[in-house]
Amino acid sequence: MSTAGRRQFIGQCVGLLGSGGIMAALLATATRLAEALPAWALRPPGALPEDDFSAACLRCGLCVRACPFDILHLAHIDDGVTLGTPYFVARQRACEMCVDIPCAVSCPTDALTVPKAGIGAARMGLARMTGPDTCYSINGTAQCGACYLACPIKDAAITMAPRRAGARLYFEPTVNAAHCTGCGKCEQACVTREASIKVLPIGLARHDRHGVSRRGAG
Amino acid sequence: MPRRGWLVRHRWLLLRRLAQLGLLAAFLAGPWFGVWILSGDLASSVLFDTLPLTDPLVLLQALVAGHGAQWAALSGGALVLLAYTVLGGRSYCAWVCPLSLVTDLAAGLRRWIGLGRGWQIRRQTRRLVLAAVLVASAASGTLVWEWINPITMLQRGILFGMGAGWALILAVFVFDLAVSAHGWCGHLCPVGAFYGLVGRVARVRVNAAARTHCTDCGDCFRICPEPQVIAPALKPASPDASPVILDGDCLNCGRCLDVCEEDVFTFGTRHATVPLRGPGNDHHARDTLRSPVLDQGPPDHDR
Numbered sequence: 001m002s003t004a005g006r007r008q009f010i011g012q013c014v015g016l017l018g019s020g021g022i023m024a025a026l027l028a029t030a031t032r033l034a035e036a037l038p039a040w041a042l043r044p045p046g047a048l049p050e051d052d053f054s055a056a057c058l059r060c061g062l063c064v065r066a067c068p069f070d071i072l073h074l075a076h077i078d079d080g081v082t083l084g085t086p087y088f089v090a091r092q093r094a095c096e097m098c099v100d101i102p103c104a105v106s107c108p109t110d111a112l113t114v115p116k117a118g119i120g121a122a123r124m125g126l127a128r129m130t131g132p133d134t135c136y137s138i139n140g141t142a143q144c145g146a147c148y149l150a151c152p153i154k155d156a157a158i159t160m161a162p163r164r165a166g167a168r169l170y171f172e173p174t175v176n177a178a179h180c181t182g183c184g185k186c187e188q189a190c191v192t193r194e195a196s197i198k199v200l201p202i203g204l205a206r207h208d209r210h211g212v213s214r215r216g217a218g
Numbered sequence: 001m002p003r004r005g006w007l008v009r010h011r012w013l014l015l016r017r018l019a020q021l022g023l024l025a026a027f028l029a030g031p032w033f034g035v036w037i038l039s040g041d042l043a044s045s046v047l048f049d050t051l052p053l054t055d056p057l058v059l060l061q062a063l064v065a066g067h068g069a070q071w072a073a074l075s076g077g078a079l080v081l082l083a084y085t086v087l088g089g090r091s092y093c094a095w096v097c098p099l100s101l102v103t104d105l106a107a108g109l110r111r112w113i114g115l116g117r118g119w120q121i122r123r124q125t126r127r128l129v130l131a132a133v134l135v136a137s138a139a140s141g142t143l144v145w146e147w148i149n150p151i152t153m154l155q156r157g158i159l160f161g162m163g164a165g166w167a168l169i170l171a172v173f174v175f176d177l178a179v180s181a182h183g184w185c186g187h188l189c190p191v192g193a194f195y196g197l198v199g200r201v202a203r204v205r206v207n208a209a210a211r212t213h214c215t216d217c218g219d220c221f222r223i224c225p226e227p228q229v230i231a232p233a234l235k236p237a238s239p240d241a242s243p244v245i246l247d248g249d250c251l252n253c254g255r256c257l258d259v260c261e262e263d264v265f266t267f268g269t270r271h272a273t274v275p276l277r278g279p280g281n282d283h284h285a286r287d288t289l290r291s292p293v294l295d296q297g298p299p300d301h302d303r
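In order, the protein sequence lines correspond to chains A and B. Reading the first sequence from the start, the letters are residues 1 to 218 in the working numbering. Reading the second sequence from the start, the letters are residues 1 to 303 in the working numbering.
Any given hint might turn out to be false.
Facing chain A, a subset of chain B residues (Cβ under 7 Å, in silico) [claimed, not checked]:
#, residue
1, SER39
2, GLY141
3, PHE160
4, ALA181
5, ASP247
Here are the in silico distance ranges between beta carbons for each label pair [as the list claims (entries may be wrong)]:
#, chain 1, residue 1, chain 2, residue 2, range
6, A, PHE171, B, ALA78, 54 to 64 Å
7, B, VAL35, A, PHE171, 48 to 58 Å
8, A, LEU26, B, LEU28, 34 to 44 Å
9, A, ALA36, B, ALA272, 30 to 40 Å
10, A, PHE171, B, ILE148, 42 to 52 Å
11, A, PHE171, B, ALA167, 22 to 32 Å
12, A, GLY15, B, ARG203, 47 to 57 Å
13, B, ALA69, A, PHE171, 41 to 51 Å
14, A, GLU50, B, THR50, 26 to 36 Å
Treat the hints as calculated values from the structure; they're not laboratory data. We put the beta carbon where it would ideally sit given N, CA and C, even for glycine.
Can you make the complete structure from the sequences, with help from the hints?
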């Protein structure tokens with residue numbers, strides 16, 4: 001190969017690698033930036049931690065089809081959730097906690113895996129009393145307990161703890177993180193306009209981003 | 001005027017549309033009518049509640065991102081890959097991909113208006129995009145192309161609800177219509193690039209078997225979304241060269257079979273090395289072509 005030819009060849013290679021590299025960097029950055037799971041969106045039971053989930057989920061919707069209660073959505077481009085990935089909104093329709101977890105069974109990858117200890121070991125999030133001032137039971141509007149009654153593992157995941165404020169006796173809905181699966185039944189049932197109890201992503205609920213591994217729970 | 005009827009001149013196009021829409025129907029029969037033929041979507045699905053099928057490129061992105069090494073995904077991906085190594089890699093683009101309904105409409109409109117080929121990006125670009133997608137998936141640990149893939153977005157939109165995804169589909173349509181003929185599928189789409197690589201070993205190929213009958217009318221070149229693949233088979237430098245279109249970028253769409261008034265093209269395998277002649281294939285021979293019906297007048301190519 002002549003010197004000019006070699007120069008041209010090397011130039012083309014560099015150009016190709018350069019433009020390919022820039023494209024790859026832009027794609028990788030943009031994709032990661034576009035990935036999101038807002039606190040109001042919950043993953044189906046048995047989901048990998050969010051970073052891994054977006055790599056393992058093929059966006060096929062088999063879990064959506066498997067759900068007997070039609071709870072799951074695949075994210076649209078304008079939903080604010082990573083495009084094409086499954087989620088549900090507890091306030092609209094909470095997870096029914098099927099014993100056989102058909103959504104996780106249907107997943108072709110490890111994005112959703114059936115927890116070995118069953119649906120009770122799923123950690124879709126963690127319920128938190130986010131509005132103690134609006135909660136009827138706490139602020140004394142009514143003896144409500146809707147969240148407690150809705151909880152599929154009541155007395156374990158939620159208890160109504162007796163409290164005293166001066167002369168007033170009331171019951172405070174209290175979540176036990178050791179049992180709460182984050183199904184969202186309490187949030188769906190809450191009677192206040194904005195739910196006073198909400199299922200939050202585990203890290204957010206625990207005030208510790210690295211506190212609980214959802215992979216370990218799954 | 002063409003000598004053959006409209007149906008004959010559109011037979012492969014109609015079959016393709018039937019396949020594309022039939023596939024969508026097979027996915028929609030479940031949620032609409034409770035008849036579950038295919039569940040899921042093109043990324044990954046289950047046929048008749050038993051057979052897993054997975055798009056090999058989606059799976060490849062997951063694998064380089066460090067996931068997806070599960071039995072259902074791997075076997076499904078292998079099955080689909082095997083099918084396309086037989087049927088022709090980019091048969092996916094012509095016969096399956098729902099976006100080609102959109103881009104073919106844009107290409108048809110361009111032809112009808114007479115817009116020419118427009119801005120032509122280098123066809124190699126799509127392979128660069130493919131490489132970049134895989135590198136980026138490995139580097140970022142996520143499925144990079146599924147962030148923007150208009151194919152899966154369109155199909156997912158039809159099956160599960162579109163949201164604002166129409167905007168991206170419209171963008172592809174406008175790009176193909178106003179900027180570049182076959183701009184998306186022919187130059188940028190890494191999915192097509194991937195299946196193009198599969199097509200390099202695929203069995204089923206278009207064969208310019210009766211190339212000696214070619215009248216140089218140019219119909220096939222004008223209709224073909226990848227016209228550069230035709231010449232080596234139709235107009236070879238040596239008469240002994242294979243009449244088979246071996247280029248992986250051929251979509252096996254069959255439009256050249258549709259439009260050719262001389263029936264030069266046929267579907268065959270990639271191993272047919274010499275123009276098919278002889279008793280077993282005499283339907284390609286000119287004497288059968290020149291039937292009484294066809295001999296009513298001189299062929300008119302002023303179309």
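Structure-based check of all given hints:
The interface hint given for SER39 (chain B) holds, since its Cβ lies 5 Å from the closest Cβ of chain A, which is under the 7 Å cut-off. Because the beta carbon of GLY141 (chain B) sits about 5 Å from the nearest beta carbon in chain A, less than 7 Å, this interface hint is met. Annotation: PHE160 (chain B) was flagged as interfacial toward chain A, and the flag holds, the nearest CB pair being 5 Å apart, inside 7 Å. With a least beta-carbon distance of about 23 Å to chain A, the hint placing ALA181 (chain B) at the interface is violated under the 7 Å criterion.
At its closest, the beta carbon of ASP247 (chain B) sits 21 Å from a beta carbon of chain A; the interface hint therefore is violated under the 7 Å criterion. Distance hint check: the CB atoms of PHE171 (chain A) and ALA78 (chain B) are about 57 Å apart, consistent with the given range 54 to 64 Å. Range check, VAL35 (chain B) to PHE171 (chain A): Cβ separation about 50 Å, and the 48 to 58 Å hint holds. Between LEU26 (chain A) and LEU28 (chain B) the Cβ separation comes to about 35 Å, which falls inside the hinted range of 34 to 44 Å.
One distance hint, 30 to 40 Å for the beta-carbon pair ALA36 (chain A) and ALA272 (chain B), is violated here, with the actual separation near 52 Å. In this structure the supplied range 42 to 52 Å holds for PHE171 (chain A) paired with ILE148 (chain B), their Cβ-Cβ distance being about 50 Å. A hinted range of 22 to 32 Å for the beta carbons of PHE171 (chain A) and ALA167 (chain B) is inconsistent with their spacing of about 50 Å. Taking 47 to 57 Å as the suggested C-beta distance range, the pair GLY15 (chain A) and ARG203 (chain B) does not conform, at roughly 36 Å.
Between ALA69 (chain B) and PHE171 (chain A), the C-beta spacing of about 49 Å keeps the proposed range 41 to 51 Å intact. For GLU50 (chain A) and THR50 (chain B), the hinted distance range of 26 to 36 Å is satisfied, since their beta carbons lie about 31 Å from each other.
Of the numbered hints stated above, those contradicted by the structure are hints 4, 5, 9, 11 and 12, listed in ascending order.
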